[in-house]
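Participant: The primary structure of each chain is shown beneath.
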Amino acid sequence: MIGLRVEHLRKTFNLSKKQRKIERTDVRRKIAVDDVSFEAKPGEIFGLLGPNGAGKTTALRCIATLIKPDSGDVFVGEHSAVKDSAMVRKNIAFLTNEMKLEDHFTPNYLFTYFARLHGVDEADIEPRKAVLFERFGVDKFREVKVADLSTGMKQKVSIAVSLVHDPDTIIFDEPTNGLDVLTARTVTDYLQAMAQAGKTVIMSTHILHVAQKLCDRIGIIIGGKIKALDTIENIRAISPNEDMEALFFKLVEESEAPDYA
Amino acid sequence: MRNIWTMFKKEVYRVLSDARLVVMVFIVPGLSIFVMYSLMGNIMQGQADAVEEHEIIMIAENLPQDLKTMLEARDLEGNQSQLNITIDGREAMDDDTLEQKILDGDIDIALLFDEDFAEKIANPDLHAPPSLHILYNHGRQPSSFAYNRVNMVLMEYRERALIERLEDPNHYIVFEHLPVQIADERVVSGQAMAMLMPMLVIIFLFAGAMSIGPDAIAGEKERNTIATLLITPTKRSEIAIGKVASLAVLSLASALSSFIGILAGLQNLMGEDASAGLSIYGLSEYVLILLLLMSTVLFIVGLIAVVSAFAKTIKEASMLIMPFYFVTIIVGVASSFGAEPATAWFVHLIPLYGATNALSAVFTFNVSLLNIGIVCAASVVYTIVLVFILNRMFQSERIMFQK
Ligand SMILES: Nc1ncnc2c1ncn2[C@@H]1O[C@H](COP(=O)(O)OP(=O)(O)OP(=O)(O)O)[C@@H](O)[C@H]1O
Ligand SMILES: [Mg+2]
Numbered sequence: 001m002i003g004l005r006v007e008h009l010r011k012t013f014n015l016s017k018k019q020r021k022i023e024r025t026d027v028r029r030k031i032a033v034d035d036v037s038f039e040a041k042p043g044e045i046f047g048l049l050g051p052n053g054a055g056k057t058t059a060l061r062c063i064a065t066l067i068k069p070d071s072g073d074v075f076v077g078e079h080s081a082v083k084d085s086a087m088v089r090k091n092i093a094f095l096t097n098e099m100k101l102e103d104h105f106t107p108n109y110l111f112t113y114f115a116r117l118h119g120v121d122e123a124d125i126e127p128r129k130a131v132l133f134e135r136f137g138v139d140k141f142r143e144v145k146v147a148d149l150s151t152g153m154k155q156k157v158s159i160a161v162s163l164v165h166d167p168d169t170i171i172f173d174e175p176t177n178g179l180d181v182l183t184a185r186t187v188t189d190y191l192q193a194m195a196q197a198g199k200t201v202i203m204s205t206h207i208l209h210v211a212q213k214l215c216d217r218i219g220i221i222i223g224g225k226i227k228a229l230d231t232i233e234n235i236r237a238i239s240p241n242e243d244m245e246a247l248f249f250k251l252v253e254e255s256e257a258p259d260y261a
Numbered sequence: 001m002r003n004i005w006t007m008f009k010k011e012v013y014r015v016l017s018d019a020r021l022v023v024m025v026f027i028v029p030g031l032s033i034f035v036m037y038s039l040m041g042n043i044m045q046g047q048a049d050a051v052e053e054h055e056i057i058m059i060a061e062n063l064p065q066d067l068k069t070m071l072e073a074r075d076l077e078g079n080q081s082q083l084n085i086t087i088d089g090r091e092a093m094d095d096d097t098l099e100q101k102i103l104d105g106d107i108d109i110a111l112l113f114d115e116d117f118a119e120k121i122a123n124p125d126l127h128a129p130p131s132l133h134i135l136y137n138h139g140r141q142p143s144s145f146a147y148n149r150v151n152m153v154l155m156e157y158r159e160r161a162l163i164e165r166l167e168d169p170n171h172y173i174v175f176e177h178l179p180v181q182i183a184d185e186r187v188v189s190g191q192a193m194a195m196l197m198p199m200l201v202i203i204f205l206f207a208g209a210m211s212i213g214p215d216a217i218a219g220e221k222e223r224n225t226i227a228t229l230l231i232t233p234t235k236r237s238e239i240a241i242g243k244v245a246s247l248a249v250l251s252l253a254s255a256l257s258s259f260i261g262i263l264a265g266l267q268n269l270m271g272e273d274a275s276a277g278l279s280i281y282g283l284s285e286y287v288l289i290l291l292l293l294m295s296t297v298l299f300i301v302g303l304i305a306v307v308s309a310f311a312k313t314i315k316e317a318s319m320l321i322m323p324f325y326f327v328t329i330i331v332g333v334a335s336s337f338g339a340e341p342a343t344a345w346f347v348h349l350i351p352l353y354g355a356t357n358a359l360s361a362v363f364t365f366n367v368s369l370l371n372i373g374i375v376c377a378a379s380v381v382y383t384i385v386l387v388f389i390l391n392r393m394f395q396s397e398r399i400m401f402q403k
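Chains A and B are the protein sequences, given in the same order. Per our numbering, the very first residue in the first sequence carries number 1; after that it's consecutive. Per our numbering, the very first residue in the second sequence carries number 1; after that it's consecutive.
Note that these hints are calculated values from the structure, not bench results. Among these hints, one or two may not hold up.
Stated by the list, open to error - In silico lysine to any residue, SDA-like type, Cα no more than 25 angstroms apart, as pairs: (1) A:Lys225 - B:Gln402; (2) A:Lys68 - B:Phe401; (3) A:Lys68 - B:Glu397; (4) B:Lys235 - A:Asp84; (5) A:Lys18 - B:Ile4; (6) A:Lys83 - B:Phe401; (7) A:Lys21 - B:Thr313; (8) A:Lys227 - A:Ala197; (9) A:Lys154 - B:Met400; (10) A:Lys83 - A:Pro42; (11) A:Lys100 - B:Glu222; (12) A:Lys154 - A:Lys227; (13) B:Lys9 - A:Gly119; (14) B:Lys312 - B:Met24; (15) A:Lys213 - A:Val181; (16) A:Lys68 - B:Lys312; (17) A:Lys145 - B:Phe8; (18) A:Lys90 - B:Ile4; (19) A:Lys140 - B:Thr225; (20) A:Lys68 - B:Ser396; (21) A:Lys145 - B:Glu397.
Claimed, not checked - Examples of chain B residues lying across from chain A (beta carbon under 7 angstroms, computed): (22) Asn3; (23) Arg223; (24) Glu397.
Ideal Cβ positions, reconstructed from N, Cα and C, are used throughout, including at glycine.
Same shape as in the complex, but just chain B (with noise of 0.2 angstroms):
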């Protein structure tokens, strides 16, 4: 036991005192989220601001007077209440100008009324409707935002000529249409944390692992440190604990740098509604997500540390373990973007699986105490194994020495 807790503060204070590991394993991740978060929030609502300014170019040909202004209307104060547009006739351009000019982005909608259009629609004949062409560039997004305002304006302008056309405007009304939101505001929130969290988790509590596991085992083979410690009399179960146990601390660290990120990110990302996300969560569900957190960090590094003991390289442990990596990184993505989470008990029983699974639960109210506690009773099963087999390869001088 000494000698574990020994090994285990010599484990840490190596990554502690090493300022180019502190910065790799708890500044990176940690800020490298937060900018990449904040560069695409910032990016997408630079896109959301330019599309919403950009003024529409529309031509229009034989545009009635009444949707004319309807398109152009201003709110009390003068601002363009709708759309900021500018409306110019046809003039002389051919169809083939016109479509060049929409397809060059030069317009970005034209409205090509039939001659008679206002007149009919003033007086209707029921049995020959006028038409009107929209042309507009569905590969642009000014263009396809220039659409969909514009249509959302024809709507009112049908809904008006319709009403119009009734006797009684009251005919118009067919039903009242009044949806009542009755949803767990929680739950709701619950589900975009439980859609993104479980992923992030456990790629980040893997990614930490990785940085520091392959040079704690696979580094002491490769630089000729191993043989110094195997031949105290430390027991080598004792070897196997202390590394890992300080190797799932240092990971899980490593994994509370990159949630800061998420947060501190989620914010630029999302903006002002993201910060409630985690609030609505009391001291019970954190209390869980730590648990599962724990146990998932003990397998994950038992893993790690068992491929970076078969390793003779850093190297050689590094491109062992992207294999095991890549299948954390689908597992979490499947938990993220499957259905709903499971909740058969068997389920839990599967390593990464399980915890994202139960993870998803908390983060959306569904907990589960018992597949909670399968989750983290089988974790600790897996790490003991792990642990044995770590073990075993400390002892085996073809696993130790072969060059």
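Looking at chain A on its own, in the form it has when it is part of the complex (with noise of 0.2 angstroms):
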């Protein structure tokens, strides 16, 4: 089992006119990930947490070589994310709320689709598709065009196309957003039982108490910036006296302090 390594990972964006305007500033780079480092082992569940816009699904898309880094690199196993990404993407399932499935198909022929472009080989195929079919409920609409579904059964049919080559690595930003609380706990159960068989998991949430229920440990990120980086009990010891909530808050009202001086 292989686990991922983050290095000094920066990230900035060209900030268009438009963006400018909206971000009420002059500053024509926006420095989404801003030297982020962190490790996640094999066996255990990673949660970077962070408020909206703090950089998760930046750094989740650097690391899964969708985007390029300014600097800083990631190593899943011994492969390098800039170098080497073919070989990244070969051993990670990635999925954000923004990769959608094409309308047309259905997630039967997606899900083989997608285990060939994979590389599984064709006597796989079948077998995983009703492993995870089963597991995600896909089953009963197999054979329904991805237009006809909705949100939440998008939402499966993505995850379960995302696993398709059951990789060692499983990146997940927001998993269960847009989920009920039944299929969210699918997919939480899922993780655990993957954490478990000794796989990477990391996932990215905005929802404190989700990071606390299912993350062995967590980054907290905000503004770009990793600002604890441990085991939820470690954290919480930095100040006995306050809660975990109070904590987060606290970090994040530091961080947007400047803004307002």
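Using the hints, build the complex out of the two chains.
Facilitator: What follows is the structure in structure tokens.
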């Protein structure tokens, strides 16, 4: 089993005129991810916790090789995301809310299609499909076009499809967003089972209690920077009098303060 | 390679399994051309028939009797042999009324002979020939048709009068006029094909590719499905080739639909002899035509793919492609109505123009294998360059994800 190491990841975006207006800034470059480093080990669930706009999705997209970091690198096992992106993609499952499946096709068709593109052996496709479709309740609508599915159903199909190749590292961006409690539970149960099976799981969330319940270790990311990085217990130990929520609020407030000064 | 094939199948399935797209891409082009040609043919035929059948209303003043007989001549079965004509006298009509009636179309033509016309024809005075005023309306089809027809009769009348004046009618014959056709009939019919086909070929290939290309690439960006594809270990070059190859085959099929429409419609447009058009070509011509088509479609599809990858939405892609479409139409028209196809080898390096040029040459049986080879080789090189650019575009996060 292989772990994942993020080293001094930095990602900036050029802001268009429109974006500058929305963000009320004259700065042309936005630092979305600022010197982020962490490590996720096999067998654990690592959580990136942060408010909206903190840079969670951007960091995960860099890790998944969809976008290139300005500097820093990510290693999945020994494969560098910068230099060897195809090998990294082979070894990870990645899903964000912005990644959609084509409306015209059925879950059944798409699963086979992506299994092939991921290089899964023909003989392994159907058994794997059976397992994942069962697990995420896709069976009932496996022949319904994606266009005709509800948001939650689409999310389930996306999760199943992202896992076609049974990778050692699973990277999910807000995986329970938009799902009802039951389905959310299926997903979190699955992630825990995967960690128990020795896989490396990385997920992001903006909801504290989700992180608390699920993650073995978390990195609190605010304004692109990692503000705290440890197990939940150790982070709580920083200020034993406060509960976790208050601590989270304090961290968020601190980093926002300069904006109002 | 396996990935290219996987993508290819999926892209083709995408179009073939969508009734709306099948109709749009494979049925509408052929059907609309067929309907358009048939309608045009019908209208043109109808117009011609209407003019043929139209009864010429003629006013004649001092019309010589022998000419009247000629105008009204009938064939042996009693059918009017030349003209369907009614001839009335001028009665008391003044000049203005007569002109107005011709303008209004109540009268098609008026022949106003000098009072002593017949007399002077019989006893000619070489220094003062009699005159005939013909009034007709050039702006009305029946009227100008009447003028042409009546003119033919008048010419015959004049000839007869002339022959009568000569002591020996044989003096009338200055020389015998004996044209001999030695053209190769195939090349003659080929010329018509060469004029029409290359233009239609590239315009339809382009239109076919244009109806699916933007959706397959810009559409994936617009609908956020591209990331799902890019997250697979598939090489970007494989994605580029898979897209271009599937688009090429689909566009070729779409163009084929247009051809069937052209062939079926041509018969309705130009009558029976049009159907002979394509049968004059043999297997070797068809192989060369197919080869040229394939190399052209690759270039067109590569171009459309690159433009579509650049656009953020399907709409933007369609708009960006428009200028290229217009250039294509101009190239098509230029090669159809231009002079003879150019034979210089370097002309065949020009994208699209080289291909239409070579197509014209094949259609007129002036095949130059060297030039066709240059067209194909150049197209392959251009396509490789375009696929390479597309590959780079798939690697660029700015191009793939910028909203
Ligand atoms: N393509 C882009 N161009 C410009 N700015 C961007 C781009 N993508 C993200 N950003 C900016 O980078 C910052 C981090 O965005 P990101 O999507 O990573 O946040 P997030 O933590 O995932 O937030 P959320 O919880 O709302 O999903 C934001 O300020 C966002 O505006
Ligand atoms: Mg996000």
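Participant: Against the 25 angstroms threshold, does the CA-CA distance of Lys145 of chain A and Phe8 of chain B hold or violate the hint?
Facilitator: 20 angstroms, holds
Participant: Within 25 angstroms, alpha carbon to alpha carbon, are Lys140 of chain A and Thr225 of chain B?
Facilitator: Status holds; Cα separation ~23 angstroms.
Participant: So if I understand the rule, the pair passes when the alpha-carbon distance is 25 angstroms or less; does Lys154 of chain A with Lys227 of chain A pass?
Facilitator: Between Lys154 of chain A and Lys227 of chain A the Cα gap is close to 34 angstroms, so the pair fails against 25 angstroms, i.e. violated.
Participant: Keeping to a limit of 25 angstroms between CA atoms, is the pair of Lys21 of chain A and Thr313 of chain B held or broken?
Facilitator: Holds, because 23 angstroms separates the two Cα atoms, which is no more than 25 angstroms.
Participant: For Lys90 of chain A and Ile4 of chain B, compute the direct alpha-carbon distance and say whether it is at most 25 angstroms.
Facilitator: Given that 25 angstroms is the threshold and the Cα spacing comes to 17 angstroms, the pair holds.
Participant: Verify the proposed pairing of Lys227 of chain A with Ala197 of chain A, using a straight-line Cα cut of 25 angstroms.
Facilitator: Violated, at about 30 angstroms.
Participant: Please verify whether Lys68 of chain A and Ser396 of chain B have alpha carbons no more than 25 angstroms apart.
Facilitator: 9 angstroms, holds
Participant: Would you mind confirming whether the straight-line C-alpha gap from Lys235 of chain B to Asp84 of chain A stays at or under 25 angstroms?
Facilitator: 12 angstroms, holds
Participant: Straight-line Cα separation of Lys83 of chain A and Pro42 of chain A no greater than 25 angstroms?
Facilitator: 22 angstroms, holds
Participant: Does the alpha-carbon distance linking Lys100 of chain A and Glu222 of chain B stay inside the 25 angstroms limit?
Facilitator: 10 angstroms, holds
Participant: Given the proposed pairing of Lys145 of chain A with Glu397 of chain B, does the C-alpha separation stay at or below 25 angstroms?
Facilitator: Between Lys145 of chain A and Glu397 of chain B the Cα gap is close to 29 angstroms, so the pair fails against 25 angstroms, i.e. violated.
Participant: Does Arg223 of chain B hold up as a contact with chain A if the rule is Cβ-Cβ below 7 angstroms?
Facilitator: 6 angstroms, holds
Violation of the numbered hints given earlier is confined to hints 5, 8, 12, 21; the remaining hints are satisfied by the structure.
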